[in-house]
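Residue numbers (the numbering used here), protein chains in the order written: chain E, 33 to 512; chain S, 33 to 512; chain P, 33 to 512; chain H, 33 to 512.
Keep in mind the hints are simulated off the structure, nothing from the lab.
Mixed in with the good hints there might be a few duds.
Since the list gives no way to pick one copy over another, a pair counts as held whenever it fits inside one copy or between any two copies.
[Claimed, not checked] Capping the alpha-carbon separation at 20 Å, the derived lysine to aspartate or glutamate pairs in DMTMM-like fashion look like this:
{"hint": "1", "residue 1": "149", "residue 2": "165"}
{"hint": "2", "residue 1": "362", "residue 2": "259"}
{"hint": "3", "residue 1": "396", "residue 2": "476"}
{"hint": "4", "residue 1": "362", "residue 2": "339"}
{"hint": "5", "residue 1": "149", "residue 2": "267"}
{"hint": "6", "residue 1": "149", "residue 2": "168"}
All values reported here derive from a predicted model rather than from experimental measurement.
Number of protein chains: 4
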Amino acid sequence: MNNINPVDSYISDEIHEECGVFGIYNFDGKDVASSIYYGLFALQHRGQESCGIAVSDTSGPKGSVRSHKGMGLVNEVFTPESLEDLHGNIGVGHVRYSTAGASNRENTQPLVLNYVKGTLALAHNGNLINAMELKEQLAYTGAIFQTTIDSEVIAYLIARERLQTGSVEEAVKNAMVKLSGAYSLVIMSPRKLIGARDPFGFRPLCIGRRDNTYVLASESSALDAVDAEFIRDVEPGEVVMINEKGIHSDKSMAQPKVAKCIFEYIYFARPDSCLDSVSVYNSRIMAGRILAQTHPVDADLVVGVPDSGNAAAMGYSFESGIQYATAFVKNSYVGRTFIKPKQSMRESSVRIKLNVLKDVVKGKRIIMIDDSIVRGTTSERIVRMLKNAGATEVHVRISSPPFLHPCYFGTDVPTGDQLIAHNNTVEQICEVIGADSLGYLSVDRLSELIGGDKGFCDACFTGNYPIEPPKEDIRGDYEK
Amino acid sequence: MNNINPVDSYISDEIHEECGVFGIYNFDGKDVASSIYYGLFALQHRGQESCGIAVSDTSGPKGSVRSHKGMGLVNEVFTPESLEDLHGNIGVGHVRYSTAGASNRENTQPLVLNYVKGTLALAHNGNLINAMELKEQLAYTGAIFQTTIDSEVIAYLIARERLQTGSVEEAVKNAMVKLSGAYSLVIMSPRKLIGARDPFGFRPLCIGRRDNTYVLASESSALDAVDAEFIRDVEPGEVVMINEKGIHSDKSMAQPKVAKCIFEYIYFARPDSCLDSVSVYNSRIMAGRILAQTHPVDADLVVGVPDSGNAAAMGYSFESGIQYATAFVKNSYVGRTFIKPKQSMRESSVRIKLNVLKDVVKGKRIIMIDDSIVRGTTSERIVRMLKNAGATEVHVRISSPPFLHPCYFGTDVPTGDQLIAHNNTVEQICEVIGADSLGYLSVDRLSELIGGDKGFCDACFTGNYPIEPPKEDIRGDYEK
Amino acid sequence: MNNINPVDSYISDEIHEECGVFGIYNFDGKDVASSIYYGLFALQHRGQESCGIAVSDTSGPKGSVRSHKGMGLVNEVFTPESLEDLHGNIGVGHVRYSTAGASNRENTQPLVLNYVKGTLALAHNGNLINAMELKEQLAYTGAIFQTTIDSEVIAYLIARERLQTGSVEEAVKNAMVKLSGAYSLVIMSPRKLIGARDPFGFRPLCIGRRDNTYVLASESSALDAVDAEFIRDVEPGEVVMINEKGIHSDKSMAQPKVAKCIFEYIYFARPDSCLDSVSVYNSRIMAGRILAQTHPVDADLVVGVPDSGNAAAMGYSFESGIQYATAFVKNSYVGRTFIKPKQSMRESSVRIKLNVLKDVVKGKRIIMIDDSIVRGTTSERIVRMLKNAGATEVHVRISSPPFLHPCYFGTDVPTGDQLIAHNNTVEQICEVIGADSLGYLSVDRLSELIGGDKGFCDACFTGNYPIEPPKEDIRGDYEK
Amino acid sequence: MNNINPVDSYISDEIHEECGVFGIYNFDGKDVASSIYYGLFALQHRGQESCGIAVSDTSGPKGSVRSHKGMGLVNEVFTPESLEDLHGNIGVGHVRYSTAGASNRENTQPLVLNYVKGTLALAHNGNLINAMELKEQLAYTGAIFQTTIDSEVIAYLIARERLQTGSVEEAVKNAMVKLSGAYSLVIMSPRKLIGARDPFGFRPLCIGRRDNTYVLASESSALDAVDAEFIRDVEPGEVVMINEKGIHSDKSMAQPKVAKCIFEYIYFARPDSCLDSVSVYNSRIMAGRILAQTHPVDADLVVGVPDSGNAAAMGYSFESGIQYATAFVKNSYVGRTFIKPKQSMRESSVRIKLNVLKDVVKGKRIIMIDDSIVRGTTSERIVRMLKNAGATEVHVRISSPPFLHPCYFGTDVPTGDQLIAHNNTVEQICEVIGADSLGYLSVDRLSELIGGDKGFCDACFTGNYPIEPPKEDIRGDYEK
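Generate coordinates for the entire structure from the input sequences, incorporating the hints supplied.
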């Protein structure tokens, strides 16, 4: 679901990851385009606005890079023919979501560019916070920009550093010194595949293997999709380089402090992914358990708001002993391209997306688990649907703390005044959404979701940014 | 999911409903196209190949019927502009699935036709078994046919009967005398909306109301989608006629024996629908309970194959006390239009659609509930996926009896020799799919799914056809 | 050019032929779809709104007819793949133009239908004047209609007659007894190709041959396009039947009076076609010569309005001795799908289509030849363009008499009050269009265009209809 | 016609111009997108592969540039909606043809880029010969390239020069010092419109005016299309800058030697255009006259191969007194997107495009004028068509000298060995094409086409390149 054709506030009242990346190197010289295609399918939830693939044939003449990109979902942009044309045994892929202003063809990735040493293809997940400064510096030495994405700035830096140093991987490392913010990168030169993760490790990136093939992907579920075995995560600050000799790692850019995005576990990532050695599914079960401990309530059923609330609901049920149930039926045909008719009808677009199983909830006291509340409109409607279907009580439990601060590191959590929690107490929010009680996950217990690890970013809940954010919100300005 | 772009046997190894119908009459003269659009969205699972809407303005000149039809999903065929053009306060809609041979533009519905008394629009769910004879009789009196669907035969009969009688609803009744087989019809004349259901009641049809608006729909969940309240089901053999004076019922065509399709409850219908006063969700819970009673096994977890196996898994859990769990993550982006790349890769198309939550199943003895086994290939792969993810045992339970006979009444259950149960014992099937044990729902207990009612058709399991089927399988022949 | 996306009155100020037909029978069993495709390309000027092809394999099982139809030009509707799928050694094709109301998918041709004796495909050029009566009669015996074209009525009659008689060609003849109006038909049964022309011969139809292949086509230029040799015209009232034994002719339906459309020669047909043994090009040269005799004027140059005015201009030049010149450049990229921007600009859409060669006309006295004047707006603009470019005098000569009456026989010449000549004298028209003088071809001399033959229809100029036209203009009504 | 979907050698046997440019500045603040749209229509013959428009609103915030580009013809890429979105009173447009390798979305123009001083949009007609060197130099200072067109190199140079100088127009001039080759540029900064032409003036560029609006265009016929009056040509080496104060000219880059492409007059440009004060139509008339003087022959008719041969044929007729005639009918529906069916048929694709008027040529001795012979295949077929239609003699006259050398300055005249004249004498060519005689325009008399002016480039005929061409053919290499 994205914001291109919003049904209404129900559907647009969501937080989005901004990208997913995938890279692959087949040592046997076999084409990899279809594997990238499958991998991007598995990462589609990280970006539904545009996608692209670039490949290179390591046995061909230097620079024989082919690419295909477009606006839309993976299965809209690619055809069997376009995949067939993408000959090459090494490649990178990208799925992208973006805020409205920059939703255009120019901004699709992977960026494919020629520079002094040949061709480079770059796929980027994350967000720089010093993109404006870097862009200005580059412009003052004669750079021209044909997109409005910060990834182009990264590409420029790498190209410039390459002039001073002997290899692409060195150039990437040197560029990383100048980059500030979130970036998980997959980069292809005609003969090499490089993966890099910013020192804070905001966004995930992992390594897999299938026979004579190495794979890099934002999430481990994308490895499953290509039958690759999970090897390990790329560590924060690590640069891995895969060439015909194998895989090489450089961790010289690592730093003590890491700040992995905790919301990847709560909502963004697929439950069947494992990020930095932690199962996303288990972290959600744990969130539900903690909610049951901290916000217990007497009720008949625990239900999750599909799909992300289900695991936490299961966890709440485990901990509380209250029966888990399925209360909602989701219409999977109402997709990204759902078009709202001009003739309006009360609430239909919510109903068409989600319906309540009346027989399940009628006469029952319900604990409803959701992953977050942004503006509150969706929660209010879903609570109302449950009550209309005969639920006698609806107790809402949220598997994350309240959103209070914008995110500058690769998601679109908005500025405070668009967030219901910014101006309302929990009691007020409870009233707005019409619930009988409301409980959030406590900030104090977030680390339990990832096994007690403290190296995570919770700035959207606490305002404690791992890197000083820019004074003014530059996220929109960058586009200009 | 349909068979137009099959991923592979996993996805095509499914049984399909052949159609869904929707009708609406707004007494306040307001446009109904967007309501039909929402209604068809809710019925999309009943047919993903083509769809259409026809409307009439009861205040306009007689015969001002407008229609729009096309190949594809509801959100592919309709745009805000095409809906805007469909002015009219009375209308019918249709979604269609078909076997490959007849998948073309000519066969889309609603059929819109002119005859001696003006315009008629007809939407049909079901299958006639005497279509060939009727067609031949009509041809011998000079009829020409421009489609290969039996619905055109129904339209002809109504047009001919209308010559002899005083109203469309009488003509429908008189035509019903000649029709043999399954049909739930929604018919629009310029000033009337008519619903009719064959005397056996093979396919469902229900009536709803929203303020000054009457609605007819294949399933009650489509009423929810337009905020209409469920009034009652159209009874087998009943004809309802809605005009400016209200709703009128004629049950003179009813007969003692009814034969509602039991597989609607097990698989076809949405769980949030209520068909002939029975909740589909509850009937699935019951199927799970019966399986737990008849095929108990010691295990750690009960899991459902999404989406249709989940409710039965819940029922098995309730009855057995064994923990219910979610073992699979479904990729909702792999839709109808998923294109399989020409370059092949082992099993990826299954993996891309369904992934296992390894942390859930690892080291566990699993009871896996699915709704049916057609050829066995899908079951075999899913069992293997669970074992590869670490499940120590996989016990398969099927919430229906084995398929043994073809269906002639509106679904595509194939002839016996394409069905694994036709030539294999349960033990053999168990071996083929690699399960540790296998249990089917017993035919004897099917009636418990619908509260003990005996008026259902179980011919695909038993061969006891409510109407004598044609000597040779005419389903394909008709198309020629 | 058609009326779907009219640029403005310049482009829509044209008269349209309503259809072109093509048929082919290859005795060697080779596929004919690509030949039909080429043939329809050559007939594209007779209809740009929709087109279609139906083929049959005479060696296959009876009734294996395949067809492909769609809205748009031949090169928009067909792809190499769709042609590839059309296996068959016998086939018919159709191009269609229509008035706005009936411009939809249902009305595309060839009509493909099943009836008591199998499959029939029918392509029709012309217009019946008793379609409404026939339709009503058919409806009263239970016929249903799924299109709004009179060709469906013809199909019905043939199907009904076939019940009483022993062959399709007999059924066609019997149906012809009941049909009144204009029709050139190409009909395909699974093993036969039939051509028929109404007794008046309003619309052309000819026979060609290439090796072991017979071809039927609206114009002889379509024979050239498939390298076939012109054999002869199908005569008015003749039915030809081609089967595996060869070609058979039946002229029993012929009648003394024929009424070939004279405007085919003046404007509709291609100049490289030969209709009923008369070269279209020569008839236009003759029209120019007559204009030079009857409306001489002292001038420097004779120019034609492209493309149809050029030949007549050449003829005027031959007769008068005045220099022929090219004064206009036509932009061939402004096609059927030209989209007029919403932001307006004075007259640009004329300019974009036609520009004047200033160096040619500057300071010159010009005789400008065009084929007709409908509303006068186009002529006015072109005269103005010439004067703005420096022409000192512009004398307009029209190679047809003034339009005064509507056509009921297959073109869209409108009713009188939309025709400038209906309410204006020649002097008044001359003033409206800003010409220095204006001369029309005289009705008396029309027969000279076709070698003195008197068997033509000039009803749009004279009101002398060969068949009594319906009392009210039924052309639009039929659509309802 | 371009080479994307070649019908066969007939259609691909053509020489192509590589681009057309258009710019406009409306001082009244009115939107200009629709005017650019009309202008590009008039220039469509200069490039049919892709097109684009970029506009800026001078009253808006700096940098509010909007653009829309795409693959295809002007009427395929733009819709009323996309034009509506292009708000702005200043804008540039581009149509492009390219050789196959670089036919992709990235290479569409105008290039829109951000640099240190804001936004720049650039449209380029021509070809640099030092693009490779410049690109390498830029790469060695850290430039990255996202397209494979030399226009990106120009954009880079301007951006770099802008760092050192005070205005865009100065930067353009400074960049011109480094550029070698052919370029007519239209450049838009947010508040200025700039036109520039290389010092040799290879490609045309002119200035027009309509009320308070200035227009720049490749050809004067594009001024006609927007009702603008021709003011003057941009001179070779001139830079014009239009801002809110009016139009300013800088001719400091001019040099004594100019080298306007003579083939623009013979073939590329529209006959209704006037380039550098010479009417294209008149220059073609003159070419025909010279051919009549230098290659006289006794014959009955002079005919032109449409469309470009017609004017020269007229000139031949004037000079020789032999009757001019139209011998060919061109099918205007066989456009850029003509798809050749896989099933082949002898010669049909020529026939479908061009047919002979048999009545005109039968028994006649014909002089056939064409603009050029590339490989000879087309000429051979057309001569054969004339003879098959009954011409007793066919004398071919070519209104240009034989092609012998490749063009490096903005057209696709190929290398010598693909040119029939490279390895054959005139007598041999005459034999190959089956003509009774053959005569080319003499190189000596080329200057008469443009009034005796010697400042033209005839390198494709003579090998006398105005600038030393690169040692190896870099035209394809650049793409890599």
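Against the structure, the hints come out as follows:
1. In this assembly of identical chains, residue 149 and residue 165 lie within 20 Å of each other by CA distance solely across copies; the values are 15 Å between and 26 Å within a copy.
2. Taking the closest pair of Cα atoms, residue 362 and residue 259 come within 20 Å of each other only across two copies (16 Å); inside a single copy the shortest separation is 29 Å, beyond that limit.
3. With identical chains, the CA atoms of residue 396 and residue 476 are never at most 20 Å apart, being 32 Å at best within one copy and 33 Å at best between copies.
4. Taking CA atoms no more than 20 Å apart as the test, residue 362 paired with residue 339 passes in both settings, with 9 Å inside one copy and 10 Å between copies.
5. In this homomeric assembly, residue 149 and residue 267 never come within 20 Å of each other (Cα to Cα): the closest approach is 28 Å inside a single copy and 39 Å across copies.
6. In the homo-oligomer, the alpha carbons of residue 149 and residue 168 lie at most 20 Å apart only across protomers (10 Å), although the nearest pairing inside one protomer, at 24 Å, exceeds that limit.
In terms of the numbered hints stated before, the structure departs from hints 3, 5, listed from lowest to highest.
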